[in-house]
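Participant: Chains A and B, in that order, give the protein sequences.
So in the numbering used here, spot 194 of the first sequence is number 194, and the numbers just go up one at a time.
To convert, take the position in the second sequence, counting from 1, and add 1000; that gives the numbering used here.
Treat the hints with care, as some may be off.
Straight-line Cα separation of at most 27 angstroms, DSSO-like style, residue types lysine-lysine; simulated pairs [unchecked claim]:
#, chain 1, residue 1, chain 2, residue 2
1, A, 165, A, 201
2, B, 1175, A, 87
3, A, 2, B, 1231
4, A, 87, B, 1340
5, B, 1340, A, 201
6, A, 165, B, 1231
7, B, 1340, A, 153
Quick caveat, the hints were computed from the structure, so don't treat them as lab data.
These numbers come from a predicted model, not from an experiment.
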Amino acid sequence: MKILLIEDNAELMQNILRYLSNEGIRCETAQTLYEAEDKLLGYAYDCILLDLMLPDGNGLTILQVINNLNPRPNVLIISAKDSLDDKLEGLDLGADDYLPKPFHLAELLARVKALYRRSKLGGKDELNFNEITIEHQNLLVTIYEKPVELTKKEFDLLVFFITNKNRVLGKQAIAQHLWGDYTDDLANFDFVYQHIKNLRKKICAAGGRDYLTTVYGIGYKFDENAL
Amino acid sequence: MKLLNHLTIMYLILTLLALAIGGFFIFRKLESEINFELGMELNRQVDAFADRIRQGAPPERLTSDRLEIFELSYSLPEEELTLRDTLAYHDPMNQNEIQLKGSKSYKIGDKHYRISYYNLVVETEDITETVVYTMLIVLLVQLLFIGFFFRGVSNRILKPFYHTLDQIQQFNFQKNLPLDLDRSQIREFNELNDFLERMSQKLLKDYRQIKEFSENISHEIQTPAAVVRGKLEHLMNLEINREQAELIHSAYQNNERIHRIVRSLSLLAKLENEEFEAPTPINLTEILQKNLEMLEELIHLSELTLETNLDPSVMVNMHPFIAEIMMHNLLSNAIKHNQKEGWIRVTLTPDLLLIDNSGLPLRQNPEELLQRFKKESPHPESVGLGLSIVNQICKTYRFTFSYTSANETHSASIGFR
């Protein structure tokens, strides 16, 4: 997967770059609209991460250029302009998703992958992780080819973990992923823990390995090398 | 009351007062004039009778119902004309009438006569009637004038004023247009318009600055907060020991707190700037149900029981985004400040939203919790802005909001009407 990140804040860019490249995603960057347009016309990307407040204008203006590209890449708006109008306008102009800053990098990766799945693979792909297979289209999880009954939340959680495997996911990031943006102040109730406990129980009951580990109370990790 | 009506009524009252005073003086003048003329006439009559006696007419033959002749002692001095009102028999009308009696005495030959002559007076009622009648006609003419000229002319003079008033009422921050008022012939109106135009420009400028400030502050703080969050997330993934993990966790949580505070404050600023107009009524029941569905799991996980009593379609004038925040804040509040095996009861009627929940009695005045950064729980995650935001939302849309606590029950109620 190849991504163009249009973002003027160098530090933020570094953060995203580092996280995504660890996942084997090729990531190019542009700090201005001008630079971005240049790259868009020269190369093909699967996904554009678009910040709205750029030094030479509003990022929304470049949506026009993106919409005329063939094949058209997915557009995920990442903006600190926490304004509803921008969100609605962006989605209206053809953006595929909107992630307000500050976001969790794990969430960003999950959204990018979900977009990729939806558009490039028609939602038909299977996510394989050792003995675990996830079919997104049917919301089906199998372990050693035996289906496992998961709730919607547990399914989301498992996908989120496997997408961000081998990484520590903070409780906040997990809570926000499961319950949305405005639920973060409720996350302290250890609901995250309850879901993880249930998920772990179901995976183990189906004969799967216990990949989930706790990291010093900060968060959880879906660890490939877990014993 | 409309300015023009006010002016008309004042003008009418003054006119009536002037007419009443004028009428009174006209009445007085008329009465004294009539009496004077009557006295002169009586004087002439009495003189004429004295002449006839002098010419030898016998006084007793002259006497009639209007003429009295008395003989007085010769030694008395001659009397001047005296006039006085008296009730006397009036033959043609066959009854007693108020009459004016003029008396004067004459020494004719060796006799001394007092000759008195009566005549009917014009009655006070008659004069009053005449005066009132005249004044009413004058009033009628005045009314016609007021109707056609005064109101017409005033309306024209006040037109620029009404126009200005109209423009002020339509003034709106969202339109972002300063007032542009017409010039008029009247200096005072022009001064008023100048002032208003300057003021509207200043208001819009201030408004834009505040809006920009709140947007910028949100952006300028959110961006570094995002950077910090990313760095900490990377740090979490390095080889760390427990102590480092704790430090990272603490830094992470405080960074999250900054993020939440900035977001809430910027929302409050936007609400205060009235950036969320409510052009059309929205279905509040739908929004409430959506929020309840979203939070259902958390309610269940918190081991709370939920009881709802919702009117199927409650339409309220509100921005949908704000309605969502309001519902979310109230419901999260009810979940957070609950107790083990507690309950939440949500009631929605066209006039009222009521969210009750079980919870420990409050240690502080519930009204205080509506203030910014005032919170009940010692919870570090809780910022203390949730209810302030609801309070500000209610102020913005002119709803009434009250938060009370009694007998281990907390109630938040919002009145829409």
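Participant: Run every hint past the structure and note whether it holds.
Facilitator: Going through the hints against the structure:
| no. | hint | in the structure |
| --- | --- | --- |
| 1 | 165/A / 201/A | 19 angstroms, holds |
| 2 | 1175/B / 87/A | 21 angstroms, holds |
| 3 | 2/A / 1231/B | 23 angstroms, holds |
| 4 | 87/A / 1340/B | 39 angstroms, violated |
| 5 | 1340/B / 201/A | 25 angstroms, holds |
| 6 | 165/A / 1231/B | 18 angstroms, holds |
| 7 | 1340/B / 153/A | 24 angstroms, holds |
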